[in-house]
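Student: Got chain A sorted already, so can you dock chain B onto it with the hints?
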Amino acid sequence: MKGNIFVRTICYLFLIAVAITCLLPFYSMIITSTHNNTDIAQKLLLAPGDQLAANYERLMHSVNIWRGLWNTAFVTVAATALNVYASAMVGYGFSKYNFRFKNVLFIGLLATMMIPGQLGIIGFYKLMESFHMLNTYWPLILPSISSAFGVFMIRQFVDSSVPTEILESGRVDGYGEVQIFHRIILPLMTPVLATYAIFSFIGKWNDFLTPMIILFDNNKQTLPVMIASLRSAFVSDFGAQYVGLVVSVVPILVFFSAMSKRIISGVSAGAVKG
Amino acid sequence: MKSKVNKSAYGYLFISPFFIAYALFGLVPILYTLYLSLTKWDGFSDPVYVGLANYERLVHDSFFWQTISNTLIIWIMSIVPQLILALLLALILHEKFVKGKHFFRAVYYFPNLISTVTLGVIFSLMFDWQTGSINKLLINIGLIQDPINWFNSPWWTRAIIASITMWQYFGFNLIVFVAGLQSISSEVFEAAEVDGATKTQMVFKITLPLLRPVFVFTFITSVIGGLQLFEGPLVIGNGGDGPGNSARTMILYLYETSFKAFDYSYGAAIAYGVFIVIMIFTAITARAYRLKD
Numbered sequence: 001m002k003g004n005i006f007v008r009t010i011c012y013l014f015l016i017a018v019a020i021t022c023l024l025p026f027y028s029m030i031i032t033s034t035h036n037n038t039d040i041a042q043k044l045l046l047a048p049g050d051q052l053a054a055n056y057e058r059l060m061h062s063v064n065i066w067r068g069l070w071n072t073a074f075v076t077v078a079a080t081a082l083n084v085y086a087s088a089m090v091g092y093g094f095s096k097y098n099f100r101f102k103n104v105l106f107i108g109l110l111a112t113m114m115i116p117g118q119l120g121i122i123g124f125y126k127l128m129e130s131f132h133m134l135n136t137y138w139p140l141i142l143p144s145i146s147s148a149f150g151v152f153m154i155r156q157f158v159d160s161s162v163p164t165e166i167l168e169s170g171r172v173d174g175y176g177e178v179q180i181f182h183r184i185i186l187p188l189m190t191p192v193l194a195t196y197a198i199f200s201f202i203g204k205w206n207d208f209l210t211p212m213i214i215l216f217d218n219n220k221q222t223l224p225v226m227i228a229s230l231r232s233a234f235v236s237d238f239g240a241q242y243v244g245l246v247v248s249v250v251p252i253l254v255f256f257s258a259m260s261k262r263i264i265s266g267v268s269a270g271a272v273k274g
Numbered sequence: 001m002k003s004k005v006n007k008s009a010y011g012y013l014f015i016s017p018f019f020i021a022y023a024l025f026g027l028v029p030i031l032y033t034l035y036l037s038l039t040k041w042d043g044f045s046d047p048v049y050v051g052l053a054n055y056e057r058l059v060h061d062s063f064f065w066q067t068i069s070n071t072l073i074i075w076i077m078s079i080v081p082q083l084i085l086a087l088l089l090a091l092i093l094h095e096k097f098v099k100g101k102h103f104f105r106a107v108y109y110f111p112n113l114i115s116t117v118t119l120g121v122i123f124s125l126m127f128d129w130q131t132g133s134i135n136k137l138l139i140n141i142g143l144i145q146d147p148i149n150w151f152n153s154p155w156w157t158r159a160i161i162a163s164i165t166m167w168q169y170f171g172f173n174l175i176v177f178v179a180g181l182q183s184i185s186s187e188v189f190e191a192a193e194v195d196g197a198t199k200t201q202m203v204f205k206i207t208l209p210l211l212r213p214v215f216v217f218t219f220i221t222s223v224i225g226g227l228q229l230f231e232g233p234l235v236i237g238n239g240g241d242g243p244g245n246s247a248r249t250m251i252l253y254l255y256e257t258s259f260k261a262f263d264y265s266y267g268a269a270i271a272y273g274v275f276i277v278i279m280i281f282t283a284i285t286a287r288a289y290r291l292k293d
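Residue numbers (UniProt numbering), protein chains in the order written: chain A, 1 to 274; chain B, 1 to 293.
Everything labelled a hint here was simulated from the structure, so no lab data went into it. Remember, predicted model here, so these are calculated numbers, not experimental data. All residues carry an ideal CB built from backbone N, CA and C; glycine is no exception. Some hints could be false.
[What the hints assert, rightly or not] Going by beta-carbon spacing under 8 Å, a handful of chain B positions derived as facing chain A:
{"hint": "1", "residue": "S8"}
{"hint": "2", "residue": "Y10"}
{"hint": "3", "residue": "T33"}
{"hint": "4", "residue": "L36"}
{"hint": "5", "residue": "I92"}
{"hint": "6", "residue": "F97"}
{"hint": "7", "residue": "V117"}
{"hint": "8", "residue": "L137"}
{"hint": "9", "residue": "V235"}
{"hint": "10", "residue": "A271"}
[As the list claims (entries may be wrong)] Listing some non-contacts, in silico: residues in chain A with all C-beta distances to chain B over 12 Å:
{"hint": "11", "residue": "D50"}
{"hint": "12", "residue": "A54"}
{"hint": "13", "residue": "W66"}
{"hint": "14", "residue": "R67"}
{"hint": "15", "residue": "F74"}
{"hint": "16", "residue": "H132"}
{"hint": "17", "residue": "Q156"}
{"hint": "18", "residue": "S161"}
{"hint": "19", "residue": "R183"}
{"hint": "20", "residue": "L188"}
{"hint": "21", "residue": "N218"}
{"hint": "22", "residue": "K220"}
Only chain A is shown next, with the shape it has when bound in the complex (with noise of 0.2 Å):
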């Protein structure tokens, strides 16, 4: 027994260190970006100071972080409410019908995966200049109708969960196909597209790439694009860049604190299925 306490007093331990080292860099972001740069360059520092607000407003002088932040909310709100919906007709499609080449198709669409995302990116750009929608959201929002996780996920839940008879009974009651899909179908995917839901947003969250290259307008600007160009804007202003790291960080972190459960459940759930 007493080796047993042993053994769990260091199995604690070692989750609490590896929590410590997750959460220490974060901590020091806030912390940091509450002083001066003086103290800053000099100090090792662990509690918060007073600098916030000047830190800040030489940040908002000339990065507006918000708008950032507010452009990056529109473009993955508007790409995953189109991947999710796009993907559940398309899984429905694979799962409730039968038609030539289907397997085909399927397979075709799974091998999609395979494909590393920059292949196509120098093609990507250039097709996106002669349809004139360079420096626009378009390029951003539309590529993400397609997504070959995303139907693969929904298609094993409605070939697991949606019984064909609802189709048929749709079908007696009058409805048309697509009526059944709207009105039947999907009210029943709820759960998986809120799944799946998460996983576009995150992905869709982080893109990097291509608003970096498809977008000029500092106004239009996506937030992981600004805080990667902190560095150079502001050379040796460690506050102001800390500042900006902590409008990054820190709406993720609230929303991420009231819904840990519901995402975490999710992730596992598209973890098992994936």
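Tutor: Just chain B now, kept in the frame of chain A:
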């Protein structure tokens, strides 16, 4: 079966969004990139067909070969400790006596939600050799006398980039492993306990073998993602690719060639070179897994 009406047209209707969008935003760009890789093109005048000239240049480009090894080194430096840590934590968190399971999982997972760019900037500030908190901390607790110039050393630069990826993804892998552990029937463990197996025996003889498919799956999927490493090195290198280009990864080279030097046609050849490298390593990993079975 009851419905005699042929609804197959609706099947095509429902699946069409994926294929139309993928053709337009995925396939056409990929094929267009292939075409560009066979041309000489500066972005202004019309592309001139040059056959395989760009690929010949690529094969003899020592910078490209260096980016392959840089990418692999950083990937291995991040994936090996990452999977070991995630597995260890998953095994501990699976134990019945541990309280606050959700809290720990949430804390470990949190960095996964922060964008790589943000993490990269945090790390580059923390490891700044004159003003960063890491050096000050190490000096304060007496581990080092003088500050270490981290980004002046190729290996520290790579290790820091690897640790960003590791920090960002170990919590995700942990959740995958915990889910895998939960899918192992508890009867197996109860039977082993009845037979008098020790805890260590159970981990090595039951848990790890049963978890192996999940482990290998994670490893294989990480090849595709890990070899596309880009944001971390970009931010950490701060436009400079690290000492001796030690932090220049394949995608970073692709980005610099195309969108900074505007050599689109050579960039397109690099894109296909990267694609081939990733396919080769995916095949090697998948094959190594199959051979072991």
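Student: Restraint: V117/B near chain A, CB-CB cut 8 Å. Satisfied or not?
Tutor: Check passed: Cβ of V117/B comes within 4 Å of chain A, closer than 8 Å.
Student: Quick check on the hint: F97/B CB to chain A CB, less than 8 Å?
Tutor: holds (6 Å)
Student: Evaluate the condition: distance from the CB of N218/A to the nearest CB of chain B exceeds 12 Å.
Tutor: holds (16 Å)
Student: So, S8/B near chain A? Judge it on the closest CB pair being under 8 Å.
Tutor: holds (4 Å)
Student: Is the shortest C-beta separation between I92/B and chain A less than 8 Å?
Tutor: It holds, given that the least Cβ distance between I92/B and chain A is near 5 Å, below 8 Å.
Student: Does D50/A really sit off the interface, with its C-beta more than 12 Å from all C-beta atoms of chain B?
Tutor: holds (19 Å)
Student: Was S161/A rightly flagged as not at the interface, with every chain B Cβ beyond 12 Å?
Tutor: At roughly 18 Å from the nearest Cβ of chain B, S161/A sits farther out than 12 Å, so the non-interface label holds.
Student: Per the stated criterion, does the least C-beta distance between L188/A and chain B lie above 12 Å, as a non-interface residue requires?
Tutor: Non-interface label stands for L188/A: nearest chain B Cβ at 15 Å, farther than 12 Å.
Student: Quick one: work out the minimum CB distance from A54/A to chain B and report holds if it exceeds 12 Å, violated otherwise.
Tutor: Given that every Cβ of chain B is farther than 12 Å from that of A54/A, nearest at about 18 Å, it holds.
Student: For the hint on V235/B, just tell me whether its beta-carbon gets within less than 8 Å of chain A.
Tutor: holds (6 Å)
Student: Closest CB-CB distance from H132/A to chain B, is it above 12 Å?
Tutor: Non-interface label stands for H132/A: nearest chain B Cβ at 15 Å, farther than 12 Å.
Student: Was R183/A rightly flagged as not at the interface, with every chain B Cβ beyond 12 Å?
Tutor: holds (15 Å)
Violated hints are absent here; each numbered hint is respected by the structure.
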